[in-house]
Amino acid sequence: MDAPEIIVTLAGLALAAFVVWYFFFSTRQVVSAVSSSGGVQEVAINVKGGYTPDVIEVECGKPVQLHFYRDEENSCSEEVLFPDFSVRRELPAFKTTLVELLPEKVGTYAFTCGMGMLRGSLVVK
Amino acid sequence: MEPTTKTETLDIEGMTCASCAAFVEKSLTRTPGVQRAVVNFATEKATIDYVPTQASPTSLKEAVVNAGYGVIERVPDTSAAERNAEIDRQKALAYLKLKQRFWVAAGLALLIMPLSMLMLWPALMQQVNMQWLNYSLLLLTLPVLFYSGREFYSSAWNGFKHRAANMDTLIAVGTGAAFLYSLAATIVPGFFMRRGIMPEVYYDTTATIIALILLGKVLELRAKTQTSAAIRALIGLQAKTACVVRPGGQEVDVPIEQVQLGDLIVVRPGEKVATDGLVTEGHSAVDEAMLTGESLPVDKKPGDAVFGATLNKTGSFRFQVTKVGADTMLAQIVKLVEDAQGSRAPIQRLADKVSAIFVPTVVVIAILTFVVWFDLAPVEARLPLALVNFVAVLIIACPCALGLATPTAIMVATGKGAEHGVLIRNAEALEKAHQVNTVLLDKTGTITRGEPAVTDFVPAAGQDATALLELVAAVERQSEHPLAEAVVRYAETQQVAALPATAFRAVEGKGAVATISGQAVLVGNLRLLNEAGVRLTPALEQQAQQLLAQAKTVLYVATEGQAAGLIGVADTVRESSAAAIQRLQAMGIEVVMMTGDNPQTAAQVAGQVGIKRYFAEVLPQDKASKVKELQAEGRTVAMVGDGINDAPALAQADIGLAMGAGTDVAMEAAGITLMRSDLSGVVTAIELSRQTIRTIKQNLFFAFIYNTLGIPVAAGLLYPFFGILLSPMLAAGAMALSSVSVLTNSLRLRSFSHR
Ligand SMILES: [Cu+2]
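The listed protein sequences correspond, in order, to chains A and B.
The numbering of the first sequence is my numbering, which starts it at 8 and goes up by one.
The numbering of the second sequence is my numbering, which starts it at 419 and goes up by one.
Looking at chain A on its own, in the form it has when it is part of the complex:
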C-alpha cells in the first residue's frame, strides 16, 4: 500500500463512520413546541429539507393544529402524511397549510413526506 491508498482508505472509513453516526445515531432535538389557545394545541412547523421542529409533543385528547410552512419549492416536501390519522395534505410552497388532528391515544405517530424520507414524529402524552 502506498501513501495515497492509506490516506484514501482511512479517510473513506472515517467518512462512512461519520455518515452512519450523523444520520442514525446522533441525538435529535426534541422540541415540544406547544402553545395552547382556547383548548387547541398549536404548533408551527417549518418545512425545508426536513421538519423544524421534527419531534412534537402534544397532550392526549386535545385537538392539535399543525401549521406547516413550506419554505422551499423542492418537490420532496410537497406532501405531508400522517398515516395513523389517514391524512395526506399537499403543502403549497411558501404558504402555511393547517393540519388538524385529534389524538385520542397515547403514543408516537410518525409523519413523513410523500416518499417517506423526510420524517418527524408526533408524541402524544
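Any given hint could turn out to be false.
What the hints assert, rightly or not - Calculated cross-link-like contacts (lysine-lysine; reagent style DSBU-like; alpha-carbon spacing at most 30 angstroms):
#1 A:K132 to A:K112
#2 A:K102 to B:K1115
#3 A:K55 to A:K69
#4 A:K102 to B:K517
Stated by the list, open to error - Just a sample of chain B residues kept apart from chain A, beta carbon distances all over 12 angstroms, derived:
#5 V456
#6 A602
#7 Q676
#8 H701
#9 M708
#10 L822
#11 F875
#12 L917
#13 R1112
Claimed, not checked - Facing chain A, from chain B, some residues (calculated, C-beta under 8 angstroms):
#14 A485
#15 G486
#16 I505
#17 D506
#18 Q508
#19 R568
#20 E569
#21 R581
#22 A583
#23 N584
#24 D757
#25 V782
The set of hints was computed from the structure by calculation and includes no laboratory data.
Values in this document were obtained by computation on a predicted structure and should not be read as measured data.
The beta-carbon is built from N, C-alpha and C at its ideal position, and this holds for glycine as well.
Given the coordinates of chain A, assemble chain B with the ligand onto it according to the supplied hints.
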C-alpha cells in the same frame, strides 16, 4: 318556561378542511348557552342555535376565534374550490419551470457530449488545445449545475442540516463529486499529470445525469397528476349554481354557496341537481352514475331523495334542500376517497422502513466502493475508476420508485372504485379484500330487495284481472301498510286506472275495507274474510296453499261478499344477484347466506341464486357470531350487509361491505361501502382489490430488484468476472425510467372495469 332560542349564522374564515369545521363546531358547542352548532365547511358558514340570555353573537365569535379561526362579515371570496385552483396553478407553474430547467440541461448536455468525445479521435485532439476545450466545457456545464440542478443541491443541503437524506442527496453528491473532480482537472492539470494520471474531465457525465434525472421528474410529475385525477373529477362534478324558488314564487339563480337548508330548488331537464334534498313535486329520471355507478337513470317522484351532482334527464321537478356543503353525499364521497388515499397499506411498511434508512446506507456503500476501487485498481487509472463507480452507485440507488410503488396504486384504485360506486375507507381495507375466500351475505336487502313485492296476482274464476286490480289498488292506496305499498307499486306497473275509494277503514292486524264504485271491497288476511263470512272457493283454497308453500305471504280479496282473488307477496331476489354470486364462485370464493327466515324460505332463496351453504333463523344479535364461526374454520370472511343491525357483524368480519349508502352506522363499521344496492359491487370491490395488490407487488418488485441488482453492478462487482461496469449516465437513464415505469404500471389500473 322553555327559553326561546335564536339562530345565528356566521361566516367562518380560515378553515382548510372538514376537520377544521369539526373544531369550530366543537368549540361552539362547548360555549355556554349554545344548543346546537353546525359548521359547514364547503359554504364556510356556522349555523348556531343559542339561548339569547346565556350567549350572544359576540360570545359566539369569541368561541370561533378561540378555536383559531376568524369570523368575517360577508361571504368570503376564497372558497375551497378556489384554494384547489390555487394549488393547481402552483403545480402548473412548477411543471413549467421544471420543463424549462430540463430543456436547458438537455440542450447543453447535447453540446457537451460531442465536445467531450473529441478525445476519442486523437487526430482531432491534435488540433484542439486541451486547456481551452476543458474551460469551454466548464462554462457550458455551469448553467446546468446552477440553473437546472440547483434544486438538488439546495435540497440535499437542507436535508443534511436536518439529518435527513433524500433522493436529491444522492444526485447532488454524485454529480457534485464528478463536477469537482473535473474542475480540479481543468484548473490544475499539472497536479494530476505529475502523478501519472491523465486529467480527464467528466462534465458530460454531470450534465447528462442532471438532464436525465430532470427528464424522469418531468414524466413523473405528468403521471402523478393523473393518479389524483379521479378525485379532481369528483370535486368538479359539483353544481355551481342553483335555481331557488323564493317565497313569492319567483325563481332566482344563486351561487351554490348561498343555498340554505329548507330552500326549494327547481331542476329543469338536463340540469345538475344542486345539492341533496327531497323531491316535493314533479317526476323525472335522474342519472346517478357519478355517485353510485348505476348506469340506468333512476325514477324520482315526490318523497324520493335526490343528490347533488347527479344529472336530471327528462322531467322537471322541485326539491327541498336537506343537506348542503360538506354534509352532501358528494362531499362525503370526496372525503372518504381522500382519507383512503392518505392512509397507508400494511404492504407498504417494509418499503417505508427501507426508504428511511436507504439513502445514508447507499452513501456508505458508495464511499466503500470508492475506497476499494482506489486500493485495487491499477495506479494510473485508480482515481477515475473509483470516481466513476462512486457516482454510478449513488445515481442508480435513487429510491423514488420505491416510494411511489404503493401510494400511486392506492390513489388510482380508490378513485377508480368511487367511479364504480365502491367506496374504500382505507388502504388496509383494499388490501384485506384480496385475501377474502368466503363471502357471507345477509339475505334481506342484499340478495333480495329487502321490501315485499307482488309476485302472484290470482283472480278467482270469472273475475276480470284488470277490473279487480283497480278495486284492490283503490283500497290499498289509502292504507299505510308495507304490504299495501307493494300492491300499489304493482298496480302502478300494470297502469290500471285510479278509482276513488270511500268509507275506508283499516282493520288492525287483518287488512282494510273500503267502498269503491258502490262495491264493498275487502283486502287482508284469511281472518278478515272469515270474520266477514266470506268462504274461499276450493280452487282459490288450493292456490293459496301453493303460494304459502313457496314461503309467500297471501293477501285475500273479496268483493260484494264473494271471494274474488289472491295476491302473493314476497321479498324478491334482485335480478343481478344470481349472476354476481356465480361470478364470486367462479373467482374461487365460497358464498354463504344468512337470514332470519325459516329454513324453508332460506332454502328456497339459496336454491334460486345458487348458494349451497346457508344459516337460517339467525337472530339479529347472532349475526356477528356467525361471522366468528366461519372465521374459526380458518376462513377470511367478507360480510355484506345493509342495515344498522348488521354493524357488529360488519365490524367482526375481516372486511365489511355495507350496501347502500343509507345508514351511516353501517358505513362506519364497514371497510367498503357499495353505493349501489346490487351484489355486483361486491365482485367489483374484490376484483379491484386483487388487481391493486397485484399492481403494488409488481411495483415493489420492480423497485426492489432494480435497486438490489443495480447497486452491486454499479459498484463494479461484475468487473472482475465479466469486465462489466455501469456507466453513471446509464445509471441515470435507468433511474429516470424506474419511477416512470412504476407510475405507468399504477396508471394501468385506470383501465379497470369489471365484466
Ligand atoms: Cu429519485
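Cross-check of the supplied hints:
{"no.": "1", "hint": "A:K132 to A:K112", "in the structure": "holds (8 angstroms)"}
{"no.": "2", "hint": "A:K102 to B:K1115", "in the structure": "violated (36 angstroms)"}
{"no.": "3", "hint": "A:K55 to A:K69", "in the structure": "holds (27 angstroms)"}
{"no.": "4", "hint": "A:K102 to B:K517", "in the structure": "holds (23 angstroms)"}
{"no.": "5", "hint": "V456", "in the structure": "holds (18 angstroms)"}
{"no.": "6", "hint": "A602", "in the structure": "holds (15 angstroms)"}
{"no.": "7", "hint": "Q676", "in the structure": "holds (25 angstroms)"}
{"no.": "8", "hint": "H701", "in the structure": "holds (41 angstroms)"}
{"no.": "9", "hint": "M708", "in the structure": "holds (23 angstroms)"}
{"no.": "10", "hint": "L822", "in the structure": "violated (7 angstroms)"}
{"no.": "11", "hint": "F875", "in the structure": "holds (52 angstroms)"}
{"no.": "12", "hint": "L917", "in the structure": "holds (57 angstroms)"}
{"no.": "13", "hint": "R1112", "in the structure": "holds (22 angstroms)"}
{"no.": "14", "hint": "A485", "in the structure": "holds (6 angstroms)"}
{"no.": "15", "hint": "G486", "in the structure": "holds (5 angstroms)"}
{"no.": "16", "hint": "I505", "in the structure": "holds (6 angstroms)"}
{"no.": "17", "hint": "D506", "in the structure": "violated (10 angstroms)"}
{"no.": "18", "hint": "Q508", "in the structure": "holds (5 angstroms)"}
{"no.": "19", "hint": "R568", "in the structure": "violated (10 angstroms)"}
{"no.": "20", "hint": "E569", "in the structure": "holds (6 angstroms)"}
{"no.": "21", "hint": "R581", "in the structure": "holds (6 angstroms)"}
{"no.": "22", "hint": "A583", "in the structure": "holds (6 angstroms)"}
{"no.": "23", "hint": "N584", "in the structure": "holds (4 angstroms)"}
{"no.": "24", "hint": "D757", "in the structure": "holds (4 angstroms)"}
{"no.": "25", "hint": "V782", "in the structure": "holds (5 angstroms)"}
In summary, the structure is inconsistent with hints 2, 10, 17, 19 from the numbered list given earlier, while agreeing with the others.
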